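J.: Chains X and W, in that order, are what the protein sequence lines are. At position 42 of the first sequence (counting the first as 1) the number is 42 in our numbering, and the numbers step up by one without a gap. Each number in our numbering comes from the position in the second sequence (counting from 1) with 1000 added on.
Think of the hints as simulated: they come from the structure by calculation, not from any bench. A portion of the hints provided could be inaccurate.
[Stated by the list, open to error] Computed from the model, here is a short list of chain X residues facing chain W with C-beta under 10 Å:
id, residue
1, Thr20
2, Asp30
3, Tyr31
4, Gly37
5, Gln42
6, Val73
7, Leu78
8, Gly79
9, Thr117
10, Thr397
[Said to hold, decoys possible] Footprint (simulated), chain X over chain W, 3 or more residues, beta carbon under 8 Å:
id, stretch
11, 1036-1049
12, 1141-1148
13, 1193-1203
14, 1311-1318
15, 1325-1336
Bear in mind that the values here come from a model prediction, so they are computed numbers and not experimental data. Each residue gets a CB set at the ideal place from its N, CA and C atoms; glycine is no exception.
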Amino acid sequence: MRITKIAIVAVVVMLLGCDTGNRVDPFFQDYFIKYYGEDGNQEGVDIYVNDDGSMILLGNSSSLTELSIPFIVKTDSLGNVLWQHQMGSRNETAVDVELVTSGTHQGKLVVVSNVGTDAESKIRLTIVDQSGKGIDSLILPTNAWQAVKSVTPSSSNDFIVSGYAAPDPVRNSPLSPDDKADIISLRVSQSLTSVDTLSWQAGEHEGFAVKAFEIPLQGEIKYGLFGYSDRPIDLSSGFEDKFEVIVVNVEGIQSVRKNSGQSGQKQKASRAIQVPASQEDGFFMIGTNEDGSNRDIFVTKYSNDLSTMKLAQTLPYGGKMEGVAVASAIREEGYFLLANETQDNNNRNIFLVHIRLDGSKVWSTTFGTDDGDDTAGAVAALKNGRIAVLGTIDLETQKKMALIIVNKNGGFSN
Amino acid sequence: MVGKKIIGCFLVLLTFSAAPLFAQDECELTLARAQEEFNEGHLYGIPGLLSDCLEKNQNTEWRQRANLLLAETYLLLEDPLGAEQSYLNVLRANPEFLPDQSRDPIDLVYLSRKFTASPIFSFWASAGPNVSPVRIIHDVNIGGEPGTKEKYTLKMGYQAEAGFDYHYDEHISASLGVTFASTVFKHTTQNLFGQNKDIVEMTERQSWISLPLSIKYSDNIGRIRPYGYLGFAFRTLLTDNVNIKIYNRDLKSGDEIASSDKQSPNLNFKDKRQSFNQALFVGGGVKYKYGLNYFFVDLRYSLGFKNMVNTDRRYDDITYRWTYVDDDFRLDNLSISIGYIHPFYKARKLKHARTKSVLRKIKKDDNADN
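Put together the whole structure using the sequences plus the hints.
T.: Following this line, the structure appears as structure tokens:
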């Protein structure tokens, strides 16, 4: 009898130690890697997080039959697909998605994309509702070659489109053979019925407006065009890429131009964000510092009125880095920077680093392998402290849009 | 000349090889004479008569009969120590010897109840095939689409096992063994990136060393003896190799699907697994008595207790290349084995003689006589 009792007690104790659904924490629900796509390859370029935690993933699909076509996915907060589909047309590359915050399309999404080829490129705006239904779209009429980097819904219910165009011979007279681009910013009405030029820069040989923000200055709404150009800083300077902010009013009249960068090296911006009050307000830019064959992340932080520049520095993390995107932390101090890290075999990995407000590193992590060319798209800080990274993972047989969600330390568990 | 030598050698060999047979015949004659002496009541000379043959004759059947005669002789001579020693020798010659109550003298039956030769330990070894059902704790998907389907398929592995049983009594024993097992299962993801599109097959081969500890209940009568047991095993993962095959299926034209396939080399998953695990197991089978030993067929189901997945390594280079992510799962095992049991019989005097039933019979017989 005694041996039977011992056996029963032992079995009960052992059963209590069994791993069950309640005993194994489902970390994978909060922190995960998920792939999205369809036939062919899909690359992730931008992410927008709705207030309810659902996410809009924007990318582009390519296959044997389609050179490039925008691909958009909406997921719940756990990364499960709510809907997904292609949009636009062949030879179209989506670059940015934003929420329309006011006007007739309030709550809907606006997507900007480049339509065409290297020989001919135009900008398209597409309005999509939260159920994925296309509402309206417009290819901006132009005779010039134009490329877009981002769209900003304005408080006056317009869309401010930022990018660059082929140099205008009139504005760049005499036109240099080295001149390849003019920074442009276009204003499109929310009804997609009117388009006008907010700003058309000249004097640079290359450059890109990566984002426009409304900036209240001297009691007036103005637009800050954040990007980069090789415009000479003064009469004694040569053409050298530097981060650049140009401020224009609603009529497009320019009032401020600021540069940041390091002399003798090139700094090319890729993304700019508006920093919330919790992170000392202002604007944060990320890009790449090119010093010969070296590549490092370069960042600049401006105050709200652009009067002070807190950070303008190269962040050397070793290896070849190409700064791609940035997000302000929500629960932590500082920013999450996203970059492409080029390996010795020229394949890239996705590099995520958390920096404090003073630019010092908290932690960093990489996603991807040396065997694949894995690239960064966008990063977003989520309300519960998680970090969402959208990128492209080069799998063995195809490339797929990847949503990677990690904890506040860059890991996949608590 | 040569022929004569060969014949001579043959005769010499025949003489030496036949010598034990002659000795056996001689001891048989001696035992027959001793039996006659016993029957005639000439008891005192019997031990001396048999002593030479007991020293040189190794035939177990003969030794059983001789020692039994000696035990009966000593009982009649009222030499209990001699009787007990002779009965122990009977059990050493035949561990399963039991006197027949209807044929043998009751005092021999009474004596037999003070002794046993049942094994304290038995050695066993077995081998056979197994399958490893997967029980999912949490389903983890690599694709975000709801239409993605996953399933696990059984694949056959094998195991070899050896160990010892400690016999608590004739029915209950505790068993401790060591098992080497190779387990295999397959995980398939379907409808990845669209209905009827990509398929990812992952085949995992593991090798384990386990220490199974169990309590067993066995029947102890008959040639075929069923048994059942319940136990717990500590398992250590030795190796874990995985092959992944990707069928990248895209629409080519119309409804035609073009598949670009790729198979991985052997991928080491050991770091992605928990190295130590435990299992509760239940099983049973039948033993077939063959001489003093047994053959057996055993069926066992093991319930894996712990999550197999090292969750810290769920997402790694495998995920970035081979479109695969682990579910949280426990690994069970269903095995069938064929084996052999060798009991170590030990003739010994019992601490608590089981003589009550004999005493009851003597009393009953006395009452019947009166």
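J.: Against each hint, give a clear statement of whether it holds in the structure.
T.: Now for the hints, and whether the structure bears them out:
no. : hint      : verdict
1   : Thr20     : holds (7 Å)
2   : Asp30     : violated (12 Å)
3   : Tyr31     : holds (8 Å)
4   : Gly37     : holds (5 Å)
5   : Gln42     : holds (8 Å)
6   : Val73     : holds (7 Å)
7   : Leu78     : holds (9 Å)
8   : Gly79     : holds (5 Å)
9   : Thr117    : violated (24 Å)
10  : Thr397    : holds (4 Å)
11  : 1036-1049 : violated (count 0)
12  : 1141-1148 : holds (count 6)
13  : 1193-1203 : holds (count 3)
14  : 1311-1318 : holds (count 5)
15  : 1325-1336 : holds (count 3)
Checked against the numbered hints given earlier, this structure breaks hints 2, 9 and 11; the rest are met.
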